[in-house]
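Asker: Start from the sequences and build out the full structure, keeping to the hints where you can.
Single-letter residue listing:
Protein chains: 2
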Amino acid sequence: MTVCEGDCYIAVILDFVDGTEGCTKMAQKLLLQGLGILALGVLLNPTMAAAPQSALNLMPVPANVQAGTGSLRVDAAFSVALTGHTEPRLDRSVERFLHQLALQTALPISTKLATNPKATLVIQTEHASKEIQEVGEDESYVLEVTATGAKLTAPTPLGTMHGLQTFLQLVNVAPDGFAAPTVTIQDKPRFPWRGLMIDSARHFTTLDDLKRNIDGMEAVKMNVFHWHLSENQGFRAESKKFPKLHELGSDNLYYTQDEMRDLIAYARDRGIRVVPEFDMPGHSTAWFVGHPELASGKGPYGIERRWGIFDPAMDPTNEKVYKFLDELIGEMARIFPDHFFHIGGDEVNGKEWDANPRIQAFMKEHSIKNNEALQAYFSGRVQKLVTKHGKIVIGWDEVLVPGVPKDIVIQSWRGQTSLALAAKQGYRGILSNGYYLDLGWPAARHYAVDPMSGDATNLSPEEKERILGGESCMWSEYVNPENMDSRIWPRNAAIAERFWSPQNVTDVASMYARMDFISARLEWLGLTHKSYSRRMLHRIAGPASPLELTALRTLTDVVEPVKDYTREQTAPAEPTSLTPLNRVVDAIPLESDAGRHFGELVDQFLAASCRDTIAEARLRAQFMLWRDNDANLQPLAQRSFLVKEVAATSQDLSALGAAGLAALDQIAKGQPASDSWRAQQTAFVTQAMKPKAQLLLIPAPAVQKLIEAASAGGACSTAK
Amino acid sequence: MTVCEGDCYIAVILDFVDGTEGCTKMAQKLLLQGLGILALGVLLNPTMAAAPQSALNLMPVPANVQAGTGSLRVDAAFSVALTGHTEPRLDRSVERFLHQLALQTALPISTKLATNPKATLVIQTEHASKEIQEVGEDESYVLEVTATGAKLTAPTPLGTMHGLQTFLQLVNVAPDGFAAPTVTIQDKPRFPWRGLMIDSARHFTTLDDLKRNIDGMEAVKMNVFHWHLSENQGFRAESKKFPKLHELGSDNLYYTQDEMRDLIAYARDRGIRVVPEFDMPGHSTAWFVGHPELASGKGPYGIERRWGIFDPAMDPTNEKVYKFLDELIGEMARIFPDHFFHIGGDEVNGKEWDANPRIQAFMKEHSIKNNEALQAYFSGRVQKLVTKHGKIVIGWDEVLVPGVPKDIVIQSWRGQTSLALAAKQGYRGILSNGYYLDLGWPAARHYAVDPMSGDATNLSPEEKERILGGESCMWSEYVNPENMDSRIWPRNAAIAERFWSPQNVTDVASMYARMDFISARLEWLGLTHKSYSRRMLHRIAGPASPLELTALRTLTDVVEPVKDYTREQTAPAEPTSLTPLNRVVDAIPLESDAGRHFGELVDQFLAASCRDTIAEARLRAQFMLWRDNDANLQPLAQRSFLVKEVAATSQDLSALGAAGLAALDQIAKGQPASDSWRAQQTAFVTQAMKPKAQLLLIPAPAVQKLIEAASAGGACSTAK
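Chains A and B supply the protein sequences, listed in that same order. Here our numbering runs 25 ahead of the position in the first sequence, where the first position is 1. Here our numbering runs 25 ahead of the position in the second sequence, where the first position is 1.
Just so you know, the hints here were simulated from the structure itself, not pulled from any lab data. Fair warning: there could be bad hints in the mix.
Pairs involving identical chains hold if they fit within one copy or between any two copies, as the list cannot separate such chains.
[To be verified] Using 27 Å as the maximum straight-line C-alpha spacing, the simulated DSS-like pairs for lysine-lysine come out as follows:
no., residue 1, residue 2
1, K176, K213
2, K137, K265
3, K413, K345
4, K730, K489
5, K137, K389
Owing to the predicted nature of the structure, the values given are computational and were not obtained by experimental measurement.
Answerer: Dropping the structure here:
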């Protein structure tokens with residue numbers, strides 16, 4: 026039927042047939058069981074009637090919200106006045122706010138600041154924030170919306186900017202125009218360090234790609250952009266002191282110093298610090314292309330094209346290395362004003378050290394027992410250089426070695442235990458374990474990770490204060506600008522909420538509802554997380570009939586890329602930085618909404634002892650769609666190698682559909698299925714559970730639940 | 026069910042229920058009649074099985090295509106070499122081509138030109154084209170694709186660039202990778218003037234908005250961008266001689282001279298001429314804000330906010346006007362290198378002239394009989410100024426008055442008769458009547474308009490040569506950058522084909538199939554014609570449940586804005602340039618694919634004497650969906666004033682659904698319906714046909730056809 030261009034839900038028409046033609050009971054029953062009966066259902070959404078309109082749809086949830094009654098009209102005359110402390114950054118943030126409000130409403134709202142203090146929204150900022158934004162500055166704000174106006178007060182511009190984002194989220198279409206509900210919000214962040222790391226080194230991302238993601242960070246009140254700038258696969262920062270670094274180490278894909286300054290200013294305008302990372306002594310092959318003298322091996326070195334952990338590492342025993350780093354860190358420290366400087370420090374395999382007799386001799390001479398100690402020596406030296414240039418070191422877990430000064434910050438990829446241990450020793454830390462966006466976890470799983478959980482629970486209040494927050498990480502082995510936004514958003518909004526909102530904000534259903542809504546809003550910022558998929562699927566399909574495109578969509582709606590590091594482990598050929606990211610696994614979101622909704626629907630059906638006929642009808646309709654989908658997809662698979670790759674997954678989905686129908690039929694009989702039936706059906710699901718083309722069929726476990734229920738029999742009473 | 030983000034088709038699951046449970050004949054019949062029977066159908070697409078894969082999907086269709094067998098592999102090693110004539114523009118066009126090819130395939134194709142002449146694609150350009158692109162330059166090319174390589178030969182870079190676009194359209198995903206089919210194409214345009222006019226004056230459009238549309242023009246081989254730069258509502262070109270023009274006449278929304286030069290260079294790089302239009306003596310209120318001395322009335326003048334034809338007009342009797350225009354035209358003629366200069370000349374109502382005694386006295390003194398003659402006098406004077414500055418005048422029909430030099434070009438908004446008359450008199454002309462994109466015609470209707478039809482058919486060959494081609498026009502009363510692309514694309518591709526392809530290329534079904542495919546391709550250029558709608562509908566809906574969003578989409582999929590100038594005539598309040606364009610009428614495409622498909626399905630059903638049970642089942646399912654849709658939309662209408670506006674249309678759609686079902690039931694009886702039944706059902710359709718909220722319900726006429734068929738009875742034999 027109708028072409029739906031945007032978010033739309035495949036609707037299934039299932040309707041009571043008028044009994045006027047002498048419809049018998051049997052026909053009624055047949056209809057009920059065979060096709061299900063719905064006025065008109067959104068098939069897999071179990072909460073089909075629940076509109077989120079009653080909630081405020083704020084994300085992250087503020088610390089304190091007191092809802093009022095009534096609303097403030099937002100029309101073309103909407104204006105903003107700045108009182109109290111002012112600065113150009115505040116002017117710009119208000120102009121940006123007004124521009125965004127105009128976009129959101131399409132009202133001809135002027136983006137100029139009101140000179141009249143009787144504006145619709147009056148802002149009172151008490152004083153300036155620090156010239157160089159610090160960890161733990163006051164970011165609080167109070168936003169009062171009444172029917173006649175709004176007032177935003179904040180100690181610093183940081184709070185003001187957060188309050189403006191909250192206001193934007195409050196404004197929606199209403200019965201008589203656009204409006205913001207009356208409300209009083211007192212808000213402040215739970216953690217002072219709320220970051221997103223983007224790996225611009227493995228796959229290069231342009232400044233524009235980063236800027237729109239920084240806009241997204243601002244929208245969800247994140248305040249640290251951690252910029253991973255160097256890797257085995259590329260050195261992405263222009264160095265004027267050592268131009269061979271970027272000239273030979275980046276395939277000509279690097280940021281000029283002006284561009285870096287531009288991005289820093291862009292982020293500062295949004296209350297976001299920029300922490301650069303120059304990963305050393307490992308993860309540094311690209312440095313050695315132009316400067317093999319820094320390495321521990323003989324070279325020559327080429328830009329690494331593969332992914333993984335590699336041997337090349339800086340030579341910790343070479344004084345020239347520290348001289349070089351002194352100059353480079355100095356140069357970069359002058360570009361990046363932030364107080365923190367990330368030196369990486371992760372994943373050194375030590376092989377080049379082991380193989381270098383001079384390094385081995387040095388270790389003996391200085392009683393350095395092992396490579397860990399050698400890295401500690403290196404980290405200590407580098408830490409002093411960073412300090413010399415007025416910065417504080419931040420590094421991955423590995424930099425925490427005995428004797429490191431107490432002011433450094435640990436970024437933990439290892440987890441809460443490591444973090445808590447650091448805190449106990451007096452070190453500050455942030456959590457990234459559990460927040461790796463590229464691993465493909467569902468939002469709920471990231472959402473459940475709390476920096477204060479696990480071993481951190483038992484810390485003293487003083488120790489707890491050392492846990493500054495966390496950072497989500499977007500590593501880019503399988504991410505390039507085309508699909509990057511979809512790998513970050515909307516799930517990053519759930520993590521941002523974890524860092525900002527009170528610890529007891531944990532309702533997953535609410536999170537998903539609000540995340541869906543914010544996700545649509547993020548499109549106004551130019552983020553492509555919703556729009557990229559259609560374009561990529563068109564590339565995959567090539568010229569195709571509407572039916573074929575539908576079949577491809579039906580399949581891709583319920584698959585997800587394999588999780589964690591399985592993609593590396595199951596790659597058909599060794600992937601490199603030149604491998605095209607044009608496969609189905611690249612074109613689909615990392616979390617399948619349809620898959621999630623299907624699981625919820627199965628649970629709902631089982632929770633009702635399999636007596637929920639509406640849910641049953643929906644499941645049945647869904648299973649038929651899946652069962653028959655493969656026939657429509659196969660012609661396309663003959664024409665497109667990118668579709669052919671998922672042909673087996675498509676067959677699995679058909680089998681899942683058939684197994685699901687069989688299970689429902691069996692359940693309807695009210696008697697336990699035979700063991701052989703169970704074994705047979707389970708075999709289909711087991712097959713469907715095997716990843717193929719690096720894809721997971723998300724509905725498989727829920728179908729297995731139905732098979733188990735059918736095997737238990739008795740209207741699923743035991744399965745329940 | 027599943028969230029479908031892109032083009033997807035609402036699929037309806039209608040399936041044979043296994044007869045295992047003793048299904049009676051009656052139940053079978055009920056299922057057949059009540060719900061229809063399909064393995065899995067794309068509901069409204071009558072040609073559900075026809076994939077366009079066999080065709081080459083080229084648009085515009087080339088003059089001559091000889092298909093071969095096999096294909097040329099396109100992989101990461103793809104390279105292009107330039108031989109023969111070279112120039113930096115060709116280098117850039119090849120780099121752009123390679124960039125586009127990389128985007129289209131996601132292959133890591135280098136965008137650098139090959140130095141090795143044994144490249145995958147070897148280009149041989151014979152000689153340069155004119156420094157300033159002329160009308161009628163050789164734009165032909167020959168493209169030969171074999172299994173081992175491709176060769177593109179063209180007399181000039183213009184042909185080379187067209188050939189590159191054709192090659193891009195040939196490349197698709199294939200069974201073993203990306204490939205272009207082997208083919209020999211000899212191609213050249215039918216008309217030398219193939220333009221798109223964009224009105225940047227009524228609603229301002231940024232340079233980026235224009236650039237991506239110029240990219241779209243290049244993709245479909247259009248070669249003239251006609252830039253409507255001045256209007257009652259705005260003077261959009263920076264004048265250094267008369268800065269008050271843009272400073273007071275543009276709300277600060279204007280193009281700097283550097284920006285205009287930038288756009289001209291951008292267009293020239295794509296083989297596209299830029300013809301500026303400064304509309305005079307009418308349509309010029311914005312000029313008079315800063316320069317009231319040019320006007321025929323007393324002033325003062327303000328920027329016009331309303332739409333329509335207004336009184337202010339330049340004073341043709343004032344020598345200072347010509348002195349002013351001499352300088353301004355001179356200034357603009359130096360910026361715009363094109364040989365043509367558009368002086369507008371349309372729609373002067375003459376009221377200011379009538380009211381000005383000095384003008385009346387002048388007319389008497391010079392024996393100028395009426396306002397038409399006065400305008401002719403003005404046009405003649407201006408034409409001489411344009412000539413003085415080395416340009417040829419182009420103007421709307423009105424500039425063609427006795428005595429005008431034969432080199433001017435008429436742009437006809439009046440039609441073929443006017444155009445043919447001009448050609449007979451020795452004037453060259455281009456057709457725009459029939460190509461006004463903003464009037465909301467379906468692509469097929471534009472496609473059927475031919476510059477050589479009507480009175481032009483009877484012209485002599487010499488006279489026919491004077492018809493240079495045509496221009497599509499995007500007037501912007503109800504168009505701003507947010508929805509502009511959707512108002513231009515994809516329908517403009519059909520018009521581009523009319524101007525380029527042989528006259529006998531007229532198959533509408535082929536046009537639509539290819540247009541759909543090219544439309545998806547145009548997204549790679551950044552055009553927003555497919556992505557804007559979701560964002561606008563989210564604004565309209567506000568926080569909404571999936572079910573509500575589906576209901577809104579179901580409705581908006583089958584409505585179109587009222588056509589021609591009905592929007593002005595039916596506006597609830599007088600629209601102005603400040604009226605928000607955020608209503609449903611602004612958010613939907615101008616042509617409803619679903620509406621078109623529904624009409625085709627009804628025709629198919631009737632053509633089969635109402636015996637096509639598959640078509641019947643689909644119609645029935647569609648009608649049920651529509652009938653029940655309103656109940657799901659109404660809660661949203663309570664919350665959003667933008668949805669509330671379409672609540673009556675939604676009720677009409679429900680009524681159409683019910684009437685359609687009644688008609689199918691009646692047809693199934695095989696007897697003619699009663700007159701009273703017919704009158705009753707027709708009343709529903711009549712009501713649905715009345716535009717509401719400036720929307721048309723596209724399926725209404727087809728539903729009426731079914732009612733007529735039901736009234737005729739006898740398996741529709743008479744209706745057929």
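Asker: For each hint, tell me whether it holds in the structure or not.
Answerer: Results of checking the hints against the structure:
1. In this assembly of identical chains, the alpha carbons of K176 and K213 lie at most 27 Å apart only when taken from the same copy (16 Å versus 64 Å across copies).
2. In this assembly of identical chains, K137 and K265 lie within 27 Å of each other by CA distance solely across copies; the values are 26 Å between and 40 Å within a copy.
3. In this homomeric assembly, K413 and K345 come within 27 Å of each other (Cα to Cα) only inside a single copy, at 17 Å, whereas the closest approach across copies is 72 Å.
4. Neither within a single protomer nor between protomers do K730 and K489 lie at most 27 Å apart by alpha-carbon distance, with minima of 42 Å and 74 Å respectively.
5. Within a single copy, K137 and K389 get their C-alpha atoms no closer than 68 Å, and across copies no closer than 52 Å, so neither meets the 27 Å cut-off.
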